[in-house]
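Chemist: Sequence:
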Amino acid sequence: MTTDTEEDGVVTGINVTPLVDITLVLLIIFMVTAHFVTDTGVKVNLPKAAAAEVNPTPALTLNVGKNGELSLMGQKVDANGLKANMAREAKLNPGVRVVVAADEALIYKDVIKILDLIKQAGVTRVALSSEK
1 MTTDTEEDGV
11 VTGINVTPLV
21 DITLVLLIIF
31 MVTAHFVTDT
41 GVKVNLPKAA
51 AAEVNPTPAL
61 TLNVGKNGEL
71 SLMGQKVDAN
81 GLKANMAREA
91 KLNPGVRVVV
101 AADEALIYKD
111 VIKILDLIKQ
121 AGVTRVALSS
131 EK
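For what it's worth, UniProt numbering labels the leading residue of the sequence shown as 1, then goes sequentially.
List time: in silico EDC-like cross-link candidates among lysine to aspartate or glutamate, alpha-carbon distance up to 16 Å: (1) Lys66 <-> Asp103; (2) Lys132 <-> Asp103; (3) Lys66 <-> Asp78; (4) Lys83 <-> Asp116; (5) Lys48 <-> Glu131; (6) Lys48 <-> Glu104; (7) Lys48 <-> Asp103; (8) Lys109 <-> Glu69; (9) Lys113 <-> Asp78; (10) Lys113 <-> Glu69; (11) Lys83 <-> Glu69; (12) Lys132 <-> Glu104; (13) Lys119 <-> Glu89.
Derived from the structure by calculation, the hints contain no laboratory data.
Quick caveat, the model's predicted, so the values are computed rather than measured.
Kindly produce the complete structure, drawing on both the sequences and the hints.
Modeler: Quick look at the structure:
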């Protein structure tokens, strides 16, 4: 037996090997399955561009579906929720960047309304996403 015992039968040490084994197995499972997890937001067909810019710093991602449904960082939101989230983020981080991935079938007027909501909330750094 690997546990330490005194003469009166009291356990003075605990074997942590099984705990470490289970923890490592769970870590491996999470590492392997994290690769297969995809963004479950709104399905968006991005328009094509000749050159796409690669952003070195992380930004908030806003997906806009062809029917106008909004998804901020994978979470569905409405216009009021978007404005509230943008205002909160702008207050916490004044230099926050937002990348808008709008479906190519979306009407230009609707994209402008969404950009206007973001600007009204105090976010000044907004980019539009496209595929190369």
